[in-house]
Structures are given as C-alpha cells and as structure tokens.
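So you can see what is in the structure, the chains are spelled out below.
Protein chains: 6
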Amino acid sequence: MNDKPISRYPVPRVEDLPQDIRDRILAVQEKSGFVPNVFLALAHRPDEFRAFFAYHDALMEKEGGLTKAEREMIVVVSSAANECHYCVVAHGAILRVRAKNPLIADQIAINYRKADVTSRQRIMLDFAMKVALRSQDISDADFETLRAAGFTDEDIWDIGAIAAFFGLSNRMANVVNMRPNDEFYLLGRLPRS
Amino acid sequence: MNDKPISRYPVPRVEDLPQDIRDRILAVQEKSGFVPNVFLALAHRPDEFRAFFAYHDALMEKEGGLTKAEREMIVVVSSAANECHYCVVAHGAILRVRAKNPLIADQIAINYRKADVTSRQRIMLDFAMKVALRSQDISDADFETLRAAGFTDEDIWDIGAIAAFFGLSNRMANVVNMRPNDEFYLLGRLPRS
Amino acid sequence: MNDKPISRYPVPRVEDLPQDIRDRILAVQEKSGFVPNVFLALAHRPDEFRAFFAYHDALMEKEGGLTKAEREMIVVVSSAANECHYCVVAHGAILRVRAKNPLIADQIAINYRKADVTSRQRIMLDFAMKVALRSQDISDADFETLRAAGFTDEDIWDIGAIAAFFGLSNRMANVVNMRPNDEFYLLGRLPRS
Amino acid sequence: MNDKPISRYPVPRVEDLPQDIRDRILAVQEKSGFVPNVFLALAHRPDEFRAFFAYHDALMEKEGGLTKAEREMIVVVSSAANECHYCVVAHGAILRVRAKNPLIADQIAINYRKADVTSRQRIMLDFAMKVALRSQDISDADFETLRAAGFTDEDIWDIGAIAAFFGLSNRMANVVNMRPNDEFYLLGRLPRS
Amino acid sequence: MNDKPISRYPVPRVEDLPQDIRDRILAVQEKSGFVPNVFLALAHRPDEFRAFFAYHDALMEKEGGLTKAEREMIVVVSSAANECHYCVVAHGAILRVRAKNPLIADQIAINYRKADVTSRQRIMLDFAMKVALRSQDISDADFETLRAAGFTDEDIWDIGAIAAFFGLSNRMANVVNMRPNDEFYLLGRLPRS
Amino acid sequence: MNDKPISRYPVPRVEDLPQDIRDRILAVQEKSGFVPNVFLALAHRPDEFRAFFAYHDALMEKEGGLTKAEREMIVVVSSAANECHYCVVAHGAILRVRAKNPLIADQIAINYRKADVTSRQRIMLDFAMKVALRSQDISDADFETLRAAGFTDEDIWDIGAIAAFFGLSNRMANVVNMRPNDEFYLLGRLPRS
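Residue numbers (this note's numbering), protein chains in the order written: chain A, 1 to 193; chain B, 1 to 193; chain C, 1 to 193; chain D, 1 to 193; chain E, 1 to 193; chain F, 1 to 193.
Just chain A, with the same shape it has in the complex (with noise of 0.2 Å):
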C-alpha cells in the first residue's frame, strides 16, 4: 500500500527543498523514524509551510493548562467532524501516544460522547465540537461553562485556537487527498515493552 500517492499535488524530493525545511523534516524523521506525510505534502508551498508548522508549533508545543493529550484529543474530536482522513489516523496515533491509552483516540473519533474522558474533558470536546461545527453560536454562555468547569481564559483561547487551525489543516488535507503513512495506524496500540 506504500506506492499510494500521498497527495493530488506534486511531492518534493526532501534533498531539494530549502534548507529550514530540510532540517524540521528530517529532525521529525529521527524523532520518529519516518517522515509524516503531512511534511511532505505540504512542502510542496514552502511558504504555506513554514506558517503551518509555526502555527502548529504556537499552539500543540507550548506551556499552558491543557495536558498535551486533551490537545491531541482536540484535534482527533474536530477532525472526526471534518471527516479528514489524514488527520484523524495521524492525530489519534499521537494521542495514543500521549495519553498512554490505546482505546481513547478511537472513542474520541466515534461519538466523543461515550469516550473514557473526565467530566471537564467532556466540556473541552463540546466547545472544541462548536468551533469546529457552529462557531458562529458562541457566545458568553459557552465561557461561562467553560469557566464553571476549571478552564482559564487562556485555556479557553487554547482549545479554540486548536479547534480552528485543525479546522484549516483538515481543509488542506481534505483538497489535497492527503493520506496517512501506514505506521500511523498501529502507533500506541501495544504495550510499550
């Protein structure tokens, strides 16, 4: 299955890209032991490119109130909604990972509602499920119950910030037909020996 194409647009050879982008890909490569085709699919705008990963970056590596797997949890919940193939393996994968839980990205992606989550995880995913959905019915209620459950104002920006740049990412991934690398699909099921 290794010879399907990973997007409908041309994909660069990494020894001919530029520079800074050679160097984040094979630094995610030596992380990871293979290179997600997010990095390569999109590499084919190396400016477009150098924006997502910055923004990316600002928002899944920073410090702040949500643990790093409610983040992922995130991402798998809004791009279960956007339908996005790619994102919903790749994504559910680095979940697995975080969350050192090999059942919660496929619950999450199913219906988030019957999910192994706490009680303010569950309110996260309804809010990340309106930005994604009917972002235009946000209003003080929402924070209000966001608040009542723990989340600063800064944890509130973070999980809509994430609910909305996913939203562009499964868009692109969507338009491009991006697919996953097969080794996503099994990361985080096995116990780790």
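Calculated from the structure, these hints are not laboratory results.
Keep in mind the model is a prediction, meaning the values are calculated, not measured.
Honestly, I wouldn't trust all of these hints.
Said to hold, decoys possible - Computed, partial: chain F to chain A, Cβ under 8 Å:
1. Leu17
2. Gln19
3. Glu83
4. His85
5. Asp106
6. Ile110
7. Asn181
8. Asp182
9. Gly188
10. Arg189
From the three backbone atoms N, C-alpha and C, an ideal C-beta is built for every residue, glycine too.
Could you slot chains B, C, D, E and F onto chain A? The hints should help.
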C-alpha cells in the same frame, strides 16, 4: 459605537508589543489610515499573530493566477458561510476596493449564486463553499470542473487554501468575538473623487 | 450595471399598469426618488401585487408595539436566513434609515447574535429566526420567553407574521430572481447633511 | 375533541366581524357545511385576513395551466415540509376532493416521491419543495427542467407562488397553533354515493 | 390502483411459501380481512421474514408498561421521520384502531408536537424521535427525563427498541418501495356501527 | 478499563440464561476467545436476542454475491454514520480480519470516500450510506447505478438489508450505551505470525 470591546480578550497597547508586531501594525495603519482590529485582537498571542499573518500573506499577497479581487471573493463567501461578523465586514470592504465595485461584496455575502461574477468565478466560489462546508466530499470531479473552467492545479490549491485559512480565521474571530472597525462599513462604497 | 434584468419575468411598463398600481408606484417613486424593483417585478401579476402590498402595509405600516426599525430588523434577519438578495439589500437600507444606524443592517444580516441590539431585540430576532427556519417547533415556551421580555401577544403575532410574510416575499424574490436597485446599497450609510 | 382551542389567540365571534369578513365566512360555511378554522383564527386581524384571502384566491381560484388538484398537491407537499398540522389536514381534504382520489393526499404528505402522480407532476412537486426548503438555490436549470416537462413560465410562477404563499400560511398556522376542524380528516375518503 | 406493484422485488405466491410463513399469512388474513403487503413483500426472503416478525412480535405483542396504542404512536412518529410510505399508512391505521381515535395518527405523522397526546406521551415521542434521528446523542439526561415522567427502565428499552426496529423496517420498506394496501387508508376512521 | 459497565441495563450471568442463548454465547467464546459484549447486553431480553441474531445470521452468514468482508464494510460505514461506538469498534475488527487488511476499517469509518476500496465497492458504500441516512430518497436511479456496477437485485437487497439491520443495531447500542470489548481495538491490526 467606538467604545464597544473589539475582543473578549485583553487587547494589548501597541507600544507594549514586540517590535516586529508593532512595526507591522504601524505599517498597516499608515497604509489604511486606521488599525484593523484583527491586528490588535490577535496580538494578544504574539507567536500565533506571527504565524497567522505569515500564512495570510503567503496566500493573499503572492503572485498567482487569481486576481487579488478574486481572492477576496473567496474570503467573503467563506466568511459569510461561517457567519463571521469581522471577516465579512472587513474583507467585504477590501473586496469592494480591489474589485472597484461597490456592490459585489454584499452580493457575495448574501447569496453568491446571484452575484455579478463571471461563470469562471462562480465555479471558483462553488469550490470555496465546498471547502468551507463539506471538504470531506471533495473529489477528482471537483478538480475536473475547475480545470475545465481554466484553473490550474496551483490556482485550485490557492482557492482551497484561502477558504481553509479563513475557516481558521472565521473561527478565531467567532471565539474571541472580534468586532470590525466602523470604518470598514463604508469603505469602497463611494466613487473615488 | 443598471441594464441587468431585474426579474426572470417580463417587467411591465408603468404606463401600461392598472391605475391603482400605477398610483402606488408613482407615490413610492416620489417619496424615495426611485422605484424599488419589487414594485415592477411583482406588477407582472396585478392581483398578487395588490394582495402582496396590502399584506405588507397591514404589517409594516400599522401602529403597534414594535418600532418600525424593529420590524425591519425582523425582515433583514429572516431574509438573510433565506439568502434573499433583494430583501437583504432593500430592507437593509430601510433599516439603516429607520434606525438611523449605518452599521445595524450588515450586522444583522451577517450574524444577528453579534449585532448591536438590545437583549429584548435579541429575543425578538431569535423568535423571528425560529419562525423562518423551524416554525414547526414553536411552543408555549417561546411565548413565555417573549412575554418575559416584555412583548405582548399582539407584538408576538407581529413578529411571527412579519417573519412569515417575508418567508413568502423571499421565496418569490428567489423564484423570479429579483435584483435590488443599485441605489439601496448606499442608502442610510452616510450621515445626513 | 371539539372543545380544543383552535388558536393561541382570541377567536372573534362571527357576528362581531366586519361585514365583508362575515360574508366571506358565511359563504364558505354554506358551501362546505362548516367554517374552516383558518377563517376564524385569522379574523383576529381583519386587514391581514383580507390580504391573506385575496392572495389565496389570486393563486388558487384563477384560471391557469395547473389543475386545481395540482395546486392542492403543491399546498400539501409544502405544508408537509413545514410540518403544518392545519394545512396538511385541511388541504389534504381539499386535494382528495379535487383529485377524486382518497389516497393521494396521504401519499404526498408522507413521501411525495412515492405518490401516484405523473412524472410531470413529480417535477412540479420537486420544484415546490425547492421553493419551500432551498429557494436560494433556484437557478435557470430549474426553469429548464420545468419547461422540458411542459410547464410555461406562467405555470412556473404559479408553482413558485403557491409554495411561497403556503410558506407564509404554514408559518402563521404554526405561530398561532391553528387546529384543523375534525371534519377535514374524513373528507374525500369515502366514495360519493 | 390495486394493480400497482407492492415491491420492487418479486412477490411470492402464498401457496409457494414455506408452511410456517403461509400459516402466519393466512392467520393475519383471517384476522384483518386482507393480507398486509409487508407480509408478501418480505416473504421474498423467508429467513429474514421469520426474524423480522419474531422481532416485531417480541416488541409489539408482549405485555409491558406501554399500551398497544402507545407502541403504535412510536411506530408512526418514527416512520414519519423516515418518510416511510408503507409504515405511516399501515401503522397509522392500526394506531387509529388501537387508540379508538380517528385523528391521532394523522396528527402524529404531520407534527407530533401538535398531537392530542398526554404530556407523558409527548416525552415518550420526543425520545422515540431522538432514537430515530440522533441516537448518538442519547445520554443519562434522557433517561432521567423519562423516569421523571413515570417510565421504568424497561419501558424506556421498549420505546428505544420499537423506534430502532422501525428504523430497520422503514429502511427496508424504502429500499423495496413497499406499497401499503389501499384498505389501510380508511381503517379506523369511521365510527364502529 | 475492564470494569466499565457494558450496558445501562442489567447484564445477565451466562449461567442464568436460557440454554439456547447460553449455547450461542459459549460457541462464540470458543471461536473468538472472548464473549463480545453485544451478546451479553442483548441477553437482557431473550426473545429480542433470538430475533436479533437470527436476523444477523440471515444477512451476514449466508452465501451471496457480496463477500463477507464487503458485508462488514457496509456495517462499518453505516455504524460510523450513526456514531455507534460498539459497532464501529467490533465490526471494524471483524472487517480487518475478513479483509486481511489492517487499514481498511479505520479508513471506512473516518471517510469512506478516501478508503482503499474498488470503484464497485465505493458504489456499494454510497448506497449503504443512502439507506442509513436518506432512505426516503431511494429511487430507480439508485438501482440502475448499482446494476451498472455489476450488482444483482439480490445483492442490492443484501446491501440495503445490512445497512437497515445495523440501523437497528446502532440505535440499540446507542440506547443501552453498549461498550465494546477492549480486545476488539487491536484485533486484525498485526500480521499473523
């Protein structure tokens, strides 16, 4: 009306911002005569601000097969679909200016199927709406329709990426409850003297 | 742009119309300075024209608990929900004039939840939207909400009837592809000198 | 069941009504053997009553390319789409009588795609449903489909206007919670002796 | 009208059917005076026929907290939601007979919120509609609402299972294009002499 | 996680069940190595249990034009549409095993349009989704499309009946809040040694 809050979040004073952000804001103020509120509202998070505008410029300022007015048409139609108060008002103004047409922005925001656009632009807007609302359904057939209307694959990426980026932008504006500057409402409606 | 057709159907010449319709049209022309296209497009069917404007006047011109600006708010929000090009542009203009507010019409058309309206008006617009989009769900609870906001039962009939009447009007405009006069776009946007 | 209220609003006594309205009501009573509740419920607002029935008659009583049974088909399909209790029951009865077919009204109300109608009538009903539910999408292609099925442009106006008018009527009935007369349920179901 | 096909699929002759199916059909014919078409249409697949009616009887014929009329209310409301021509007509008839109420079936099929049901039955029908249309959203809160209205957990299973079973039945009827017997339309509408 | 309830309803002990149900459960346990929770959850109602599995076997175990993997594809796509946690996880596992493909179930659950299926299977899944979501719209044109792809009318019944049966199954699982066994998540993901 100018004392209405422009964001649910604290809005930094320009003089307190990092130099690069301050420079960007002063430049836009010099060019436009006022500071569009999106610059102030997003400056609450400098790293996200930088990524946001880098992405914006990569899509909206570069050369390419779409005119700048056509890019703004895509912004307006997507933002209307997401009922984004800020983006429809602000980019509606920019569209009127770029297209030198005082009617086009309202037409596209209300019902783009009735707008005074070419049949090629209509196909462009149909695709932008699909990206905004049902990106999971995008298929080869959409690309064939767009190519038959004269769009290159790079143009199609542009249409998709602009609609996707404003999917992010609209959601952020809805989360923070961003308010457009009063100046935008009238911009581009009067004949230049 | 003035040579664009204003209807899919033949538009009668004013001088060929029955006397009562001609009188009505000349009166509105004298008052407004131009003949709004709805008068010309609907004059294709004189009996329906008469019933349409009799209904319109019974709702929009009579005394009652709603201000004339509030009635136009209901028209604009319903017409935006139905994506009616003619009604949003034409009644948006009338709303700006009646409310003496150059921003309110665009705000309500884009996302009425973000508009500069009172909380009482917000409840009025919520009900108008329910009439426009899900009238089968209307229940006693809606009446209680409206009464609690200070609306009498006669006011509620007015809100419902205006939203219902423009449900008809929007559909007719969409069927005949009615085009608003260019004059409407700018009306009420400039300070009266 | 006859003591159930027929409207949320006060229902005037016939003898208290203006003469023209009283005459209309007595005429329908003489013809039908009972007073359909819509006449009583809408008589609460005499001016709106007059405009409503003038509009109704202009569409439903005039000559034209659609048979009276076909016009009632349009009413039933639109009213079912809007889940209007009064209009489906009352106009279902009229349809059975006019079509001399005891099955057709239920078929159209439940799923018009399965009803015993001609292919020409099916196209008529498809358009009526589009007017009722997505009038913003109406385009030249709809007119071409209808013309190809033998409808004139005046017939198309009739279809559109009937669906639009009952869009108003359904919403008013839902707002005032209009209850159909028990007599309607059985009307037209039995063979005339 | 009796010569219209009752299914897209071949309809077996009763005498060619396996003995148990033939017996069932003859029994229903003896009781009802005619063979409801669902028996003939589904007999095309004897194993599925047997499972279907075993399931049906397990839910509809057993003792329990819901009256037989209430079970038919659930069938009618679910079938109307799925626009199932066969089930609304056939079970509408059974509902009229079981409830001894000639109006109730049409009321529930058109807009169950306006039907002459008790508030307990209204809550039952709200849940049936949620099972039919948004079962993924069912939560503990729904169970609490139903319990507060006096339903036991076994009653709730019954409501859910009936709505779920007719979710299957409606879909099969729509797939095979099942046509109800003409006899059903009038059944239960006339006073028993 | 194994102590989480598998149903909102009491789960009988296997030894307390009627002999035929106990036999069925022990047989599946012997074959699979564990008892899928659907057997335990539905055993709360023995008659419904028997009908459910008789129906299931009539569709899923019989010979026919669809492979067993294809039938599971239909189950997964319908269950994903209904957001049924149990069915997507359990039947996703069965699909991976039957198709000997560790990726296919996730692909179909997330966005079947992007899955690695043949064009014939894509048409099969399109129809299954129509049965699941809009069965009222099924028409002769759907049958023609399926026949043109090589499906017999009996195959089409199979596709429709499987999607309809899991319409029931998904709703029951959502009503009782059925939880899949942890074993399913990993099943079929690893190469057989």
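To see whether the hints hold, each was checked on the structure:
no. : hint   : result
1   : Leu17  : violated (26 Å)
2   : Gln19  : violated (33 Å)
3   : Glu83  : holds (4 Å)
4   : His85  : holds (4 Å)
5   : Asp106 : holds (6 Å)
6   : Ile110 : holds (5 Å)
7   : Asn181 : violated (11 Å)
8   : Asp182 : holds (6 Å)
9   : Gly188 : violated (11 Å)
10  : Arg189 : holds (6 Å)
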